[in-house]
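Colleague: Below, each chain spelled out in residue letters.
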Amino acid sequence: MSRQGTRLDAKKVNSELFTLTYGALVSQLMKDYDNADDVNKQLERMGYNIGIRLIEDYLARTGTGRCYDFRDTAEKIQAGFRLYLGISPVITNWSSAGDEFSLQFETNPLTEFVELPDNCLGLKYMNVLTGVLRGACEMVQMDVTSWFVQDQLKGDNVTELRVKFIKRLEDAIPAGED
Amino acid sequence: MFADDVLYEFIHSELVNYVTNKKNEDENSKTGDLSPLEYAGFITGFRIIERLTKDWPRFQNELETVKFICTDFWSSVYKKQIDNLRTNHQGVYVLQDNSFRFLNKISGSKQYLEHAPKYVSFTCGLLRGALANLGINCLVTAEIQPMPCCKFHIQVHKGKKIE
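Respectively, the protein sequence lines represent chains R and H.
Going from the first sequence to the working numbering is simple: count from 1 and add 60.
Going from the second sequence to the working numbering is simple: count from 1 and add 156.
Bound-form chain R, shown alone:
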């Protein structure tokens, strides 16, 4: 092992490795389930598992404090995308009540090599993201839900993820304790 360092671009290798591993995971799921809805559900569940861990990494890396309001949360979610995927989705389409917004993705490293065959139109390839957001926000006492309204893989111009705030979670005190 004489040569030190590497002549490969480690950053590129890492992001492609992640993309391809995710692709292998989705294709394994498609093989195991006949129904695209079940695959979407499974991806969401995996995303949730990732999200509840990822939030710790995010807080540790960024030293972020409490969110002031949901707009603040939106910006922190955006910062998360920048940190982990190297992309900055646009925050847009706020609802008048300020509890709902959209994230618009023009590019997405995860779908870089992806083309959906005609028989997979029910598949939400990126559904893992909805789980990640739910898991991560739940760990900081927020109940949010999200869903895709547009998807580039299905011919739309942008990919749009709608995020909705449901409620603040209170710390539940175990029964019998005051």
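For the record, the hints were derived by calculation from the structure and aren't laboratory data.
Don't be surprised by glycine CBs; every beta carbon is placed ideally from N, CA and C.
Hints should not be assumed to be uniformly reliable.
As the list claims (entries may be wrong) - Simulated pairs of lysine to aspartate or glutamate, EDC-like, Cα-Cα distance not exceeding 20 angstroms:
id, chain 1, residue 1, chain 2, residue 2
1, H, K178, R, D97
2, R, K91, H, E194
3, R, K71, H, E206
4, H, K178, R, D94
Stated by the list, open to error - Beyond 10 angstroms from chain R on every Cβ pair, some chain H residues (computed):
id, residue
5, D189
6, T243
7, V250
8, S263
9, S265
10, E270
11, A272
12, P273
13, N289
14, P304
15, C305
Using the hints, position chain H against chain R.
Modeller: Relative to chain R, chain H alone:
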């Protein structure tokens, strides 16, 4: 700041988790069949190596190819080089990683040794896939002991070279 390497760890552990739980549901077998994991690694390795080596000069021989895997490829994927490479010059290579990335966060005692195989089969597949696309048809197995240390045995199928 860019932190996508943790994502690879997370997605890998979800993949492991999914494959092992799925098997438990299906057949009530305890450890189950890890071949979907190995296969996922295989297609990942097969695809990525093609992208990584497209601008590289052709490798001179089998040993050079394996060396490339041990140094450049391994250090981009697992943050360190292979610690020791041994070969009998007849198609058997042993790659030793003294602190394998997917094992070095698991307690080092013997207690969890039985869980270790599921954390290495994806990588066995990754190696097999990468080598297959570089024209080396082989079998990759892993040997773990003691814990964060892992030896990957590559056994090349002679006479079945794909050029």
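Colleague: It remains to establish, for every hint, whether it holds in the given structure.
Modeller: Hints, verified against the model:
1. Restraint check for H:K178 and R:D97: the C-alpha separation of about 17 angstroms stays at or below 20 angstroms, so the hint holds.
2. A hinted pair counts as satisfied when its Cα atoms are at most 20 angstroms apart, and R:K91 with H:E194 qualifies at roughly 15 angstroms.
3. For the hint pairing R:K71 with H:E206, the CA-to-CA distance comes to about 17 angstroms; that is within 20 angstroms, so the pair holds.
4. Of the pairs offered as hints, the one joining H:K178 and R:D94 holds, with about 15 angstroms between alpha carbons and a cut-off of 20 angstroms not exceeded.
5. For H:D189, the non-interface assignment is confirmed: its Cβ lies about 13 angstroms from the closest Cβ of chain R, beyond the 10 angstroms cut-off.
6. At roughly 13 angstroms from the closest C-beta of chain R, the C-beta of H:T243 stays outside 10 angstroms, upholding its exclusion from the interface.
7. For H:V250, the shortest C-beta to C-beta distance to chain R comes to about 14 angstroms, beyond the 10 angstroms cut-off, and the non-interface label holds.
8. For H:S263, the non-interface assignment is confirmed: its Cβ lies about 18 angstroms from the closest Cβ of chain R, beyond the 10 angstroms cut-off.
9. The claim that H:S265 is not at the interface with chain R holds, since no C-beta of that chain comes within 10 angstroms of its own (minimum 23 angstroms).
10. Remark: the non-interface label on H:E270 is consistent with the geometry, its nearest Cβ contact in chain R lying 22 angstroms away (cut-off 10 angstroms).
11. At roughly 20 angstroms, the least C-beta separation between H:A272 and chain R is larger than 10 angstroms, which holds for a residue marked as non-interface.
12. In this structure H:P273 is separated from chain R by more than 10 angstroms, as the shortest Cβ-Cβ distance comes to about 18 angstroms.
13. H:N289, annotated as away from the interface, keeps every beta carbon of chain R farther than 10 angstroms; the closest lies near 12 angstroms.
14. Against the 10 angstroms criterion, H:P304 stays outside the reach of chain R, whose nearest CB is about 18 angstroms from its own CB.
15. Its beta-carbon lying about 16 angstroms from the closest one in chain R, H:C305 satisfies the requirement of being farther than 10 angstroms from that chain.
Checked against the numbered hints given earlier, this structure breaks none of them.
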